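Participant: In order, the protein sequences belong to chains A and B. So my numbering is basically just the index in the first sequence, starting at one, shifted up by 20. So my numbering is basically just the index in the second sequence, starting at one, shifted up by 6.
Treat the hints as calculated values from the structure; they're not laboratory data. Everything numeric in this text was worked out from a predicted model, so none of it was measured. Take these hints with a grain of salt, some might be off.
Label pairs and their calculated CB-CB ranges [what the hints assert, rightly or not]:
id, chain 1, residue 1, chain 2, residue 2, range
1, A, 41, B, 99, 34 to 42 Å
2, B, 99, A, 138, 50 to 58 Å
3, A, 23, B, 131, 28 to 36 Å
4, B, 85, A, 41, 45 to 53 Å
5, A, 41, B, 159, 38 to 46 Å
6, A, 96, B, 145, 30 to 38 Å
7, B, 159, A, 72, 29 to 37 Å
8, A, 75, B, 41, 14 to 22 Å
9, B, 148, A, 92, 22 to 30 Å
10, A, 83, B, 124, 33 to 41 Å
By construction, the Cβ of each residue, glycine as well, lies at the ideal position given by its N, Cα and C atoms.
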Amino acid sequence: MTLVSVGRTIQDLRVFTAVRESAYVYPVVLSTHVACIAVFGGLILLTNVRLLEWCLTEVPVHEMIERFRPWKQLGFVVMAGCGSLLAASKAAEYFVNPFFQTKMVLLGAIGVHGTYFRRSVYRSQGAAIPPGRARAAALLSLALWIAVATMGRWIAYYDAP
Amino acid sequence: MAACPGLRVDLRRERRFQLEGLRVSEPAANFLNAHEWAYGVTEVAHIVSLGIAIGLIAVVDLRLLSQGIVQVAPRRLIRATAIGTLIGFITAITTGFMIFSTDPARYLAHPAMRLKLILLLVALGFNYTIHSQVARGGRSPFVCRGVAVMSLALWISVVFSGIFYAFT
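All chains, full assembly: derive it from the sequences and hints.
Facilitator: Here it is in structure tokens:
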């Protein structure tokens, strides 16, 4: 059983075939996926800029993080939901696409990042955040998300040999 | 003008030919067409920078909807994000024109791209007039909510028309 055959089994499911072949559903799902970058990316950016102490220093970091959390979660659910639909409907191509594979690894790294900095930065509950940790968390987060967006766009550039 | 109704059409066709000629005669003269990696990098820069610009506006919109960091006044928030939004816009528009220059005739003739350009102008105009005015304060919550929803709707529709360009 290869990645391609698993992908083919998934994309041949009726719902994913319908998404792939519809004139409007596919572009609407893709547009929503991209619009999520635009609408919710600002929350990630502003949190990281605040962690770097570049702006809004009068707002305590933990307050900004907690206030933004539900909106980030909403954004992530919509974005990942649309992304999964897009990937599943072209699974046979995507699973063997190196840009897609890299994107999935990077998303895993973002999960590790959130867990690693959980106590010290993201769930500090008002305790002082060591400045070095805050900077490291912010720079890594920015780099990882930009890399995810880059790999996402480049999925379209790969031609299977 | 009324005496020669065909004139306008002819002028338009003439213009199309000029643009067509630009593309056909010098395909490699365009940097993005000559280097395979350059196009991909430019597209990523376009997406990331539009994410920065629209994302920071969306944070202000959330605040106008009384969500997000409510302890900061919208006035303060728009001032803190203005420079980032502007840098995002300048980069997104510059890279947008670079992508456009790879095939101007095709882009200009496409209805989705024309719609995108119109929506973009409306959204930009709205952002730097009504939106920034209302964010400066002194308006009723009802007006703030309306402006925030309008702003989000405009920017999302710009993204949608950009993607639909590739599908229609």
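Participant: If a hint holds in the structure, say so; if it does not, say that too.
Facilitator: Going through the hints against the structure:
no. : hint                      : result
1   : A:41 to B:99: 34 to 42 Å  : holds, 35 Å
2   : B:99 to A:138: 50 to 58 Å : violated, 38 Å
3   : A:23 to B:131: 28 to 36 Å : violated, 49 Å
4   : B:85 to A:41: 45 to 53 Å  : holds, 49 Å
5   : A:41 to B:159: 38 to 46 Å : violated, 29 Å
6   : A:96 to B:145: 30 to 38 Å : holds, 32 Å
7   : B:159 to A:72: 29 to 37 Å : holds, 32 Å
8   : A:75 to B:41: 14 to 22 Å  : violated, 36 Å
9   : B:148 to A:92: 22 to 30 Å : holds, 27 Å
10  : A:83 to B:124: 33 to 41 Å : holds, 40 Å
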